[in-house]
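Here are the chains, one letter per residue:
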Amino acid sequence: MQELLQQLANGIAWGSIYALIALGYTMVYGILRLINFAHGDIYMVGAFAAYYLARLTNAGGANPSPALALAILLGSMLICALLGVAMEYFAYRPVRKSSRLTALITAIGVSLFLENLGIRLFGADPKFFPQLIAPRSISLGGVMVTNHQITVVIVSVLLMVSLSLFIQRTRTGKAMRAVSFNRDAASLMGIPVNRIITITFAIGSALAAAAGVLVGLTNPKIEPLMGIMPGVKAFVAAVLGGIGSVPGAVIGGLLMGVSEYLVVGYLSSTYRDAIAFVILILVLLVKPAGLFGRNIAEKV
Amino acid sequence: MLRRSSHLVRGLAAFVAVALGAWILDGAAAQVVNPYVYRILVLCGLNIILAMSLNLVNGVTGQFSIGHAGFMAVGAYVSAAFTVYAAPRLFAVTSETGTVAAALPFVLALFLGGLVSAVAGFLVGLPSMRLRGDYLAIVTLGFGEIIRVAILNIDAVGGARGFAGIPQRTNLAWVAGIAVLTFVFLRNLVRSYHGRALLAIREDEIAAEALGVPSTRYKVWAFVIAAFFAGVAGGLFSHYTYLHTNSFTFMKSIEVIVMVVLGGMGSLTGSILGASILTALPEVLRFANADRLIIYSLLLVILMIARPQGILGSREISWGRIVQRLRRKRPGAAA
Numbered sequence: 001m002q003e004l005l006q007q008l009a010n011g012i013a014w015g016s017i018y019a020l021i022a023l024g025y026t027m028v029y030g031i032l033r034l035i036n037f038a039h040g041d042i043y044m045v046g047a048f049a050a051y052y053l054a055r056l057t058n059a060g061g062a063n064p065s066p067a068l069a070l071a072i073l074l075g076s077m078l079i080c081a082l083l084g085v086a087m088e089y090f091a092y093r094p095v096r097k098s099s100r101l102t103a104l105i106t107a108i109g110v111s112l113f114l115e116n117l118g119i120r121l122f123g124a125d126p127k128f129f130p131q132l133i134a135p136r137s138i139s140l141g142g143v144m145v146t147n148h149q150i151t152v153v154i155v156s157v158l159l160m161v162s163l164s165l166f167i168q169r170t171r172t173g174k175a176m177r178a179v180s181f182n183r184d185a186a187s188l189m190g191i192p193v194n195r196i197i198t199i200t201f202a203i204g205s206a207l208a209a210a211a212g213v214l215v216g217l218t219n220p221k222i223e224p225l226m227g228i229m230p231g232v233k234a235f236v237a238a239v240l241g242g243i244g245s246v247p248g249a250v251i252g253g254l255l256m257g258v259s260e261y262l263v264v265g266y267l268s269s270t271y272r273d274a275i276a277f278v279i280l281i282l283v284l285l286v287k288p289a290g291l292f293g294r295n296i297a298e299k300v
Numbered sequence: 001m002l003r004r005s006s007h008l009v010r011g012l013a014a015f016v017a018v019a020l021g022a023w024i025l026d027g028a029a030a031q032v033v034n035p036y037v038y039r040i041l042v043l044c045g046l047n048i049i050l051a052m053s054l055n056l057v058n059g060v061t062g063q064f065s066i067g068h069a070g071f072m073a074v075g076a077y078v079s080a081a082f083t084v085y086a087a088p089r090l091f092a093v094t095s096e097t098g099t100v101a102a103a104l105p106f107v108l109a110l111f112l113g114g115l116v117s118a119v120a121g122f123l124v125g126l127p128s129m130r131l132r133g134d135y136l137a138i139v140t141l142g143f144g145e146i147i148r149v150a151i152l153n154i155d156a157v158g159g160a161r162g163f164a165g166i167p168q169r170t171n172l173a174w175v176a177g178i179a180v181l182t183f184v185f186l187r188n189l190v191r192s193y194h195g196r197a198l199l200a201i202r203e204d205e206i207a208a209e210a211l212g213v214p215s216t217r218y219k220v221w222a223f224v225i226a227a228f229f230a231g232v233a234g235g236l237f238s239h240y241t242y243l244h245t246n247s248f249t250f251m252k253s254i255e256v257i258v259m260v261v262l263g264g265m266g267s268l269t270g271s272i273l274g275a276s277i278l279t280a281l282p283e284v285l286r287f288a289n290a291d292r293l294i295i296y297s298l299l300l301v302i303l304m305i306a307r308p309q310g311i312l313g314s315r316e317i318s319w320g321r322i323v324q325r326l327r328r329k330r331p332g333a334a335a
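Heads up: the sequence lines are chains A and B, in that order. Take the first sequence: its letters are residues 1 to 300, numbered as in my numbering. Take the second sequence: its letters are residues 1 to 335, numbered as in my numbering.
Because the hints were derived from the structure by calculation, they are not lab data. Treat the hints with care, since some could be wrong.
[Said to hold, decoys possible] Here are some, though not all, of the chain B residues that point toward chain A, as calculated from beta-carbon distances under 7 Å:
| hint | residue |
| --- | --- |
| 1 | L131 |
| 2 | E145 |
| 3 | N153 |
| 4 | V261 |
| 5 | A290 |
| 6 | S297 |
| 7 | V301 |
| 8 | M304 |
| 9 | P308 |
The beta-carbon is built from N, C-alpha and C at its ideal position, and this holds for glycine as well.
Let the hints inform the model, and build the full structure from the sequences given.
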């Protein structure tokens, strides 16, 4: 029982990171019907941006300060938001009218570009992320959690709540929902579709950056190819929850993180990368549009 | 009767011609080029087989599979296991590579790899009854990864150490010969009654259904056939170079998709072109050293922006059209 709770706690912390990445996937997909393969690499850039910001400000190590950590988090989110906007403007906008596969290959190209540029700029060998907050272990009824894991969960929850408030309560959020529902009709209603798409990319990329910084806290080894596997799994999480659905992405991400830790804890860590897909296939066979996805009837 | 037998004779003659041509090509290539170029030619041939077979699913039938490397892995490991464990008992092979006696177990191994891979293709094709579009895509991706992780956990085929001790049977002759056979088979399939059904599904699945095309059955068949050839390509791969599951990650599947899309969806000759270009490009860019993969990915993005339908679009390169165009260019000959 103790061990089960322990694995659950680890899984939830790890799952929040998947959920943050999955949110970006699901938002971009909801609006452009594009699987943004480069999203996992934005997460990598987010981690590296924070790494260099921390070195620049001499944060971590001897003088950990929560305020500085917060500033670094926001700085990295800003950098990645700009990167996401640039990526959309230079690579995705020119192919928006082409077939979806063309857009997908473009996304793959962007992803490879970011990875190789990362190797060139940051070096291929792993870097050690500075400890922005002094690590401490806390026992919650026998379950050991670190303050890093708690930070991860709290920051993720805050970001997710503000995202859903933004989407549900603001005018821009309403416009995003409209564009996602029907882009052409939204455009006819006077919604500036291009600006909404830009904003979507900015928010999605900022969330990925946050995930990258949080991962740097808990698993402090970062390298330019770190985004590939989490990227794929976060996409799977988004599909699992029903792609295009914001709560679906969160549930999908948490489910994925928890199941991975359960497999590592009770089976074998070599099966870790497969379990996500097994769950996915089982869910999709029962609910073809994911847990929270709407089944769209086909029009003739 | 006469027609059928003459077809058979023609088919056999063509087969012998392909085999002979491949053999001569191999001999010539071994003489002319250095081992480095020879190796690239072999890998290029493998990629051509993979791209053409994936094109049947993604280009011709209009489905979206991103798990092709999984089928390749199945073929690679099944045929390698056959060669290592079963073949020595079934055939008392002591003869050396290159003789006809050694070719039989190899053909059998390749065929078996393709067959088991086709069964896997059937299993992956089944969900296409309920899923479409991106959901189907992600399931194929999932199957590919599950296959890879499963193989990684089988100790008899090396697991995480990689599968060592596989005799090297593949050479350019085998790869080129099988690539030609794959091309002929797929081209004839696409031009046949069944091929038209596949194209109809791509254009409009509901309309095809309404016209009496059993779309589910055809989609599953497309997966099975594509998986068979990917399995054969995998078998060729495992008898050529070091075998490890790392060769079959989803990046490999992506690589093959890029070849198909770059060449032009639904165009078999386009797949050949795409596979050749993308195999050669990183080698050509070697002068740029560390920057070559950056240039490669940039080129990919630029190509997709400049020519979104791929290099050939859905057209095919055909001798007839080339001859026609050459004639038209000659002044006076056009009339």
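Evaluated hints:
1. L131: With a closest approach of 5 Å, the B/L131 hint holds.
2. E145: holds (5 Å)
3. N153: holds (6 Å)
4. V261: holds (5 Å)
5. A290: holds (6 Å)
6. S297: Holds, about 4 Å.
7. V301: holds (4 Å)
8. M304: The hint holds - B/M304 has a Cβ within 7 Å of chain A, the shortest such distance being about 5 Å.
9. P308: Result: holds, 4 Å to nearest chain A Cβ.
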